[in-house]
Amino acid sequence: MEVGIREPRDSLNKHVAQVRNGQTIAATDHGKPVARLVPVE
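Note that our numbering has the sequence shown beginning at 913, numbered continuously upward.
Only true hints are included.
Here are the simulated distance ranges between beta carbons:
{"#": "1", "residue 1": "918", "residue 2": "953", "range": "24 to 32 angstroms"}
{"#": "2", "residue 1": "921", "residue 2": "948", "range": "13 to 21 angstroms"}
{"#": "3", "residue 1": "925", "residue 2": "948", "range": "16 to 24 angstroms"}
{"#": "4", "residue 1": "916", "residue 2": "950", "range": "17 to 25 angstroms"}
{"#": "5", "residue 1": "922", "residue 2": "947", "range": "15 to 23 angstroms"}
Source of the hints: derived by calculation from the structure; they are not laboratory data. Note that the coordinates shown come from a computational prediction; the quantities given were computed from them, not determined experimentally. Even glycine gets a Cβ: it sits at the ideal position worked out from N, Cα and C.
Just need the whole structure built from these sequences, with the hints factored in.
Following this line, the structure appears as structure tokens:
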């Protein structure tokens with residue numbers, strides 16, 4: 913899954929919940945990946 917870094921901060925809780933469930937999320941800036949949210953082992 914990819915999300916833009918300018919996405920509202922309110923959606924961060926939703927994305928953290930998805931990561932807790934094992935999903936990896938790439939944060940993008942102008943369509944280019946700049947960071948990744950991954951579950952902690």
